[in-house]
Amino acid sequence: AQSVTQPDIHITVSEGASLELRCNYSYGATPYLFWYVQSPGQGLQLLLKYFSGDTLVQGIKGFEAEFKRSQSSFNLRKPSVHWSDAAEYFCAVGRNTNAGKSTFGDGTTLTVKP
Amino acid sequence: DAGVTQSPTHLIKTRGQQVTLRCSPKSGHDTVSWYQQALGQGPQFIFQYYEEEERQRGNFPDRFSGHQFPNYSSELNVNALLLGDSALYLCASSLGGATGPYEQYFGPGTRLTVT
Chain A
621 AQSVTQPDIH ITVSEGASLE LRCNYSYGAT PYLFWYVQSP GQGLQLLLKY
671 FSGDTLVQGI KGFEAEFKRS QSSFNLRKPS VHWSDAAEYF CAVGRNTNAG
721 KSTFGDGTTL TVKP
Chain B
6 DAGVTQSPTH LIKTRGQQVT LRCSPKSGHD TVSWYQQALG QGPQFIFQYY
56 EEEERQRGNF PDRFSGHQFP NYSSELNVNA LLLGDSALYL CASSLGGATG
106 PYEQYFGPGT RLTVT
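These protein sequence lines map, in sequence, to chains A and B. If you're matching positions, the first sequence starts at 621 in my numbering and goes up one per residue. If you're matching positions, the second sequence starts at 6 in my numbering and goes up one per residue.
Only chain A is shown next, with the shape it has when bound in the complex:
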């Protein structure tokens, strides 16, 4: 069975500081990996995805993530956080067949200090 663990429930960073959100997955085959952001009361917006190829993927809003198969990790990073980045972030893993079903972690809430 596939699963996703986001070890940090809540992270606080200062505006302008760097950010790294951790994600560990369990999956028996080649995973498709995603990071989503959710603002309060809103749906999910896709930040970036990894399907294959280059293990460092670039996304929207200046985010990037690195797939490390040996560590079963897909950590999200941003070099300089903006106040508008405050939100909840979800990591998800999907299958490469029967498209659509994704398993999500429980999320990390990001607070940005001025």
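One should not assume that every hint holds.
Simulated restraints on C-beta separations [as the list claims (entries may be wrong)]:
#1 A:K688 / B:T14: 32 to 42 Å
#2 A:E686 / B:T120: 22 to 32 Å
#3 B:Q46 / A:W703: 20 to 30 Å
#4 B:R20 / A:L676: 48 to 58 Å
#5 A:S659 / B:T120: 18 to 28 Å
#6 A:R689 / B:G63: 24 to 34 Å
When the alpha-carbon atoms are kept at most 27 Å apart in a straight line, the in silico DSS-like pairs for lysine-lysine are as follows [as the list claims (entries may be wrong)]:
#7 A:K681 / A:K669
#8 A:K688 / A:K669
#9 B:K31 / A:K681
#10 B:K31 / A:K669
#11 A:K681 / A:K733
From chain A, some residues computed to sit far from chain B (all C-beta separations above 12 Å) [stated by the list, open to error]:
#12 I631
#13 G648
#14 E686
#15 N695
#16 R697
#17 E708
#18 G714
#19 K721
#20 G725
#21 T729
None of these hints come from the bench; they were simulated from the model. Keep in mind the model is a prediction, meaning the values are calculated, not measured. Note that the Cβ used here is the ideal one computed from N, Cα and C, for glycine as well.
On the provided structure of chain A, position chain B as indicated by the hints.
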């Protein structure tokens, strides 16, 4: 190009009642997946519809059922509502077919409160 739309935005129901939520996929998408997101948790996969049939199902009871129409829109029905059904219900659309890769686009969700 309209994205994924869901209706209603909010809904309040009483235990034991039945509810229907609606979703229109992004233009060009033919697959709709439904997720339940309880407060403080990540979304949980309910089921997926493709070609008007339920293709995959998560670990949800039969009280949860759905339908997909020829125009690819979809409904989620929940019978005999329980307090624990209170959640944000998210619809996601994607291109179907038997294999990936794929990308899902999510709607804003329907907030269901059961009292």
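- Message: Flag every earlier hint the structure violates by its number, smallest first.
- Response: Those not satisfied are hints 2, 17, 18, 19, 20 and 21.
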